[in-house]
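Visitor: First to last, the sequence lines map onto chains A and B. Note that the first sequence covers residues 0 to 904 in numbering that gives the first Met the number 0. Note that the second sequence covers residues 0 to 171 in numbering that gives the first Met the number 0.
Mixed in with the good hints there might be a few duds.
[Said to hold, decoys possible] Think about it this way: if two alpha-carbon atoms lie no more than 25 Å apart in a straight line, the pair counts; the simulated DSS-like pairs of lysine-lysine are: (1) A:K131 <-> B:K152; (2) B:K154 <-> A:K131; (3) A:K468 <-> A:K489.
No lab work stands behind these hints: they were computed from the structure.
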Amino acid sequence: MAKFFIDGVEYEAKAGENLLQAALSQHLDLPYFCWHPSLGSVGACRQCAVVEYRDENDKKGRLSMACLTGVREGLRVSIANSRAADFRKTVIEWLMQNHPHDCPVCEEGGECHLQDMTVMTGHSVRRYRQAKRTWQNQDLGPFIGHEMNRCITCYRCVRFYADYAGGTDLGAFGSRGRMYFGRVSEGTLENEFSGNLVEVCPTGVFTDKPFAKQYTRKWDLQSSPSVCTGCSVGCNTFAAERYGQLRRVHNRYHADLNGYFICDRGRFGMHFVNSDKRIRMGGVGVGDGTFEARGTERVLETASALVRSDQALIGIGSPRASVESNVALKWLVGSENFCPGLADADAAATHELIASIASDACCIPTIAEIERADAVLVLGEDIADTAPRAALALRQAVRGVSFAMAQEAGIPHWQDAGVRGHAQDHRHPLFIACAGTSRLEDVAEATEAMHPEDAATFALDLAEVIAGKREAFEPGTFAARVSAVLADSKAPLVVSGTSQGNASLVRAARDLAVSLKIAGKQSMLLVAAREANSVGACMVGGSLSMSEALARMADGCSVVVLENDLYRRADAGRVNAALRASSVIVMDVLETPTADGASVALPAASFAESTGTYVNYECRAQRFYQTFQPEGEILPSWAWISRLASERGSDPGWDSIEQLTRQCAEQGFAGIEQAGPGSDYRFAGISRIARQTHRYSGRTAMYADETVHEPKSRIDSETAFAYSMEGANSGRQASATIPYVWSPGWNSNQSLFKFQQEISGPWMQGDPGVRLDPSWYLRHEAHPSDAESLAAEGEFRSVPIFPLFGSEEQSARSWPIVRRMPAPFAVLHPQDAARLGLVEGGGVAVLAVGRSCEVRLDAGMPPGVVGIAAGLPGKDVQPHCRTDLSPDPEFVRKMDGEPGVIARG
Amino acid sequence: MLSQIRTLWTVLSHTFKRNETVQYPEEMPYQAPRYRGRIILTRDPDGEERCVACNLCAVACPVDCIALQKTEREEDGRWYPEFFRINFSRCIMCGMCEEACPTYAIQLTPDFELCEYERSNMVYEKEHLLIQGTGKYPDYSFWQVAGKTIEGKGKGEAQQEQSPSDPRSNLP
Ligand code: SF4
Ligand code: SF4
Ligand code: SF4
Ligand code: SF4
Ligand code: FES
Numbered sequence: 000m001a002k003f004f005i006d007g008v009e010y011e012a013k014a015g016e017n018l019l020q021a022a023l024s025q026h027l028d029l030p031y032f033c034w035h036p037s038l039g040s041v042g043a044c045r046q047c048a049v050v051e052y053r054d055e056n057d058k059k060g061r062l063s064m065a066c067l068t069g070v071r072e073g074l075r076v077s078i079a080n081s082r083a084a085d086f087r088k089t090v091i092e093w094l095m096q097n098h099p100h101d102c103p104v105c106e107e108g109g110e111c112h113l114q115d116m117t118v119m120t121g122h123s124v125r126r127y128r129q130a131k132r133t134w135q136n137q138d139l140g141p142f143i144g145h146e147m148n149r150c151i152t153c154y155r156c157v158r159f160y161a162d163y164a165g166g167t168d169l170g171a172f173g174s175r176g177r178m179y180f181g182r183v184s185e186g187t188l189e190n191e192f193s194g195n196l197v198e199v200c201p202t203g204v205f206t207d208k209p210f211a212k213q214y215t216r217k218w219d220l221q222s223s224p225s226v227c228t229g230c231s232v233g234c235n236t237f238a239a240e241r242y243g244q245l246r247r248v249h250n251r252y253h254a255d256l257n258g259y260f261i262c263d264r265g266r267f268g269m270h271f272v273n274s275d276k277r278i279r280m281g282g283v284g285v286g287d288g289t290f291e292a293r294g295t296e297r298v299l300e301t302a303s304a305l306v307r308s309d310q311a312l313i314g315i316g317s318p319r320a321s322v323e324s325n326v327a328l329k330w331l332v333g334s335e336n337f338c339p340g341l342a343d344a345d346a347a348a349t350h351e352l353i354a355s356i357a358s359d360a361c362c363i364p365t366i367a368e369i370e371r372a373d374a375v376l377v378l379g380e381d382i383a384d385t386a387p388r389a390a391l392a393l394r395q396a397v398r399g400v401s402f403a404m405a406q407e408a409g410i411p412h413w414q415d416a417g418v419r420g421h422a423q424d425h426r427h428p429l430f431i432a433c434a435g436t437s438r439l440e441d442v443a444e445a446t447e448a449m450h451p452e453d454a455a456t457f458a459l460d461l462a463e464v465i466a467g468k469r470e471a472f473e474p475g476t477f478a479a480r481v482s483a484v485l486a487d488s489k490a491p492l493v494v495s496g497t498s499q500g501n502a503s504l505v506r507a508a509r510d511l512a513v514s515l516k517i518a519g520k521q522s523m524l525l526v527a528a529r530e531a532n533s534v535g536a537c538m539v540g541g542s543l544s545m546s547e548a549l550a551r552m553a554d555g556c557s558v559v560v561l562e563n564d565l566y567r568r569a570d571a572g573r574v575n576a577a578l579r580a581s582s583v584i585v586m587d588v589l590e591t592p593t594a595d596g597a598s599v600a601l602p603a604a605s606f607a608e609s610t611g612t613y614v615n616y617e618c619r620a621q622r623f624y625q626t627f628q629p630e631g632e633i634l635p636s637w638a639w640i641s642r643l644a645s646e647r648g649s650d651p652g653w654d655s656i657e658q659l660t661r662q663c664a665e666q667g668f669a670g671i672e673q674a675g676p677g678s679d680y681r682f683a684g685i686s687r688i689a690r691q692t693h694r695y696s697g698r699t700a701m702y703a704d705e706t707v708h709e710p711k712s713r714i715d716s717e718t719a720f721a722y723s724m725e726g727a728n729s730g731r732q733a734s735a736t737i738p739y740v741w742s743p744g745w746n747s748n749q750s751l752f753k754f755q756q757e758i759s760g761p762w763m764q765g766d767p768g769v770r771l772d773p774s775w776y777l778r779h780e781a782h783p784s785d786a787e788s789l790a791a792e793g794e795f796r797s798v799p800i801f802p803l804f805g806s807e808e809q810s811a812r813s814w815p816i817v818r819r820m821p822a823p824f825a826v827l828h829p830q831d832a833a834r835l836g837l838v839e840g841g842g843v844a845v846l847a848v849g850r851s852c853e854v855r856l857d858a859g860m861p862p863g864v865v866g867i868a869a870g871l872p873g874k875d876v877q878p879h880c881r882t883d884l885s886p887d888p889e890f891v892r893k894m895d896g897e898p899g900v901i902a903r904g
Numbered sequence: 000m001l002s003q004i005r006t007l008w009t010v011l012s013h014t015f016k017r018n019e020t021v022q023y024p025e026e027m028p029y030q031a032p033r034y035r036g037r038i039i040l041t042r043d044p045d046g047e048e049r050c051v052a053c054n055l056c057a058v059a060c061p062v063d064c065i066a067l068q069k070t071e072r073e074e075d076g077r078w079y080p081e082f083f084r085i086n087f088s089r090c091i092m093c094g095m096c097e098e099a100c101p102t103y104a105i106q107l108t109p110d111f112e113l114c115e116y117e118r119s120n121m122v123y124e125k126e127h128l129l130i131q132g133t134g135k136y137p138d139y140s141f142w143q144v145a146g147k148t149i150e151g152k153g154k155g156e157a158q159q160e161q162s163p164s165d166p167r168s169n170l171p
């Protein structure tokens, strides 16, 4: 720690920290552009000038860039000094010379860091009278808008996109006053983190295109803290609404998880909430897949006749529904009649994941901890597709070595260009043992094409070698390199996942991590689960597996299906039979093939319209809060379940989400209520939290077309938030209840630092969410057992491949994602393809799936193995063990929705 | 006592003064052009809607009686309000919206005659607000100043703009 002085006031910071960061950590107002907490300093913008004094007698001082000045004991600087202030004002004036007169038609307006800094420095009158330099824009695809004239050349975009996220198709062009940031030629930005450009760019160059379509100023959004439903990482998000529509989702900082960045599936996958395929009214099936929409009361009558009848009642939960809704359903039907809704193989693998968390034998890292690994082995899971944010952390992990090297060379860690330049291509080793080329390949030390089953065997062999129970691998082989590196490492990380539905793979990964730990390493094990709440749903338990549940249905019974499309969980034939023989009540957000076959469909609230808890891959329970009250008859699933219960004459013992959450805590999820405060929470004991900003406009006109008597704002009995602008949001409240960031003078998302204890530290009141202890779960009497391998025949072993865009059920129905979704594809080794006479882009009939796919060639696919696109919309399911392939000359690429750019799967 | 006499005197003295009563509505009082009455939305000199749906008027409005939603016309790329609503039963004619408007779209007019039996008739939608002309500012055209492209005005064609640079050239 070093003591230093800003304008005569003494502060403390870590010695060597950069002064800008230290000043911001003290919540002082010091303008800046190019520095970013995750991207370091480059000194490109000259905005952060301060006057630095030699000692206390130096009255004159000299101008220094705060972001390039290390804090040292006794350092004296001034922010307020007029020389520094004038300089900063002049810099803004320069940056503004070519700036277009765009604010009113700029999507950044009202949350623009450039606007904020312009106001803060006091530049208000344009003196430059010459003509402005201009640029042509590029069409960057469905996610990102481009308006190059607004650029101030801070380089943040390329530093994030290329340096941090590994993107290859965005660069800086030109020189001097003519810098252009874009692609070599127009086209879709390919990197799956492109959405972060919207938040990273301090101006309106890169903007959120889908949001711009229905643009709303930040001050007009009604927001709440939410959790991404895209995958099991559980990135924190802010969800924002206007006029009854969810308008956007953006990053909500979490020091241990997503930090400053989320992936594009999370950011652009939320538009399903506004889809016209929403179930908005209760309906009674008339048999042919169509519904007669009826009012709640009449639909409930039919539904309750089903749950009251003498027929047995079972319940199928869901890994995309909240813990609360799952627990409610389990209570309604009884544990012995409840299936958590995961496919058999998925359940078995997820069970192994939970068992790994429960056993203290290895450490399950947070996303931030992943970045501290010094050797990584990825086993059988393309983590870049199934847990994108974790893959981004892996990129930072391999970069870790550059910081160590910089330290030795005396380069401060925030000196971004210096650190990168010094390290060149040195990286911590990352090995990938997967089927198919991963997007992480560019930072991998070596890869080996391996079927997941072989990856499991490989992991077990490695574990034995490390434990010394087996002789070392033959030198020069991939295995030998991996084992040497792991043996050499201090904090190795083993990465795998459940997407392959292969429990033994997860077990093998765990065994390897454990053996590394026994060998004295701080080993870590990252296992990605399939869906946002796979872990939570699996922990709810219940005696039925998916097959058993379907078998019970086929025998005839009543069944309540909670937010689940059974066609994604088992093969269509069995689901068809089950749906035909049983009376099905479905509650769901969107119309699904399962809902089409149901007797009753009930409209369920999406994540933005309800409050609940998800449990992520590391067993962290995270609360998402209702953003807005949905129109029509939509209710949260748990509320439908309690309506059904009272129809049946039983008293659920809860009538609010809060009471239900407490019930969950009693039923094993101990501590879950601490994921976020309940309805009686008040900031400073008196104040609710305002969902709306204090500048929220149009209150007396928004609904004046319906009634001129302004409706009273709805009292929220479920949460501590208010559906109004009255209430607190200073950042001093419980951190799980921060609905957006704003601070006086800081309208953009850069205001976040006023909400953090220090830069990149936790929120003022600590980070939200609570890691549950799942050991109670292991005491359940029944556990999913390994799925029997299907006795299938065929020449090729198959692996499911889950493309980032399209393999998650709900986001696949978000229109921007649809535009990036691949058509069903099959990936083959070029040799296999040549042998079968298949060419890239042609058609291949995959017999086990019973349909044709587009051929992709990939030398990263082991020979004799075919990767098959899985999880895409439609009634096909995953793991088939083997299949035969044959060319399909008739094949034409077909897609739901609009033709899209094929994202590399 | 004295004060009552004085009051009587004052009142009676008015019998001999000039009548101040105006025979409204037969006789219209003079209204200065800058009088703040009924609000209108005006058009650019080229006849297109001026309002770009920037929402600044709405946020400036102290009684929050303006609500609108931005949309974009595919054909020409201009920003428009999809709907634009003013609840005149709330409006206090303060003129803050006009002051905030960067395009001169929203203007207050001398028309103060806003009376309705039904309060809901005081809610004006865009079709009630939009006039055919430019209002008080005949010449200003925001889109000719702004850098954003619209149909008929490409990059480099706005006021004070150079023609677009070539990112691949390093020539001076
Ligand atoms: S980038 Fe900021 S300053 Fe520039 S036009 Fe947009 S809102 Fe205005
Ligand atoms: S595009 Fe944005 S992030 Fe990139 S240099 Fe310009 S202002 Fe900075
Ligand atoms: S990594 Fe997963 S949780 Fe995070 S934003 Fe992407 S899809 Fe959502
Ligand atoms: S301030 Fe002017 S341009 Fe902006 S929304 Fe209001 S009327 Fe339209
Ligand atoms: S923030 Fe210091 S020079 Fe840009």
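Visitor: Against this structure, judge whether each hint is valid.
Guide: Status of the hints after comparison with the structure:
| no. | hint | result |
| --- | --- | --- |
| 1 | A:K131 <-> B:K152 | 15 Å, holds |
| 2 | B:K154 <-> A:K131 | 11 Å, holds |
| 3 | A:K468 <-> A:K489 | 21 Å, holds |
In this structure, every one of the numbered hints holds.
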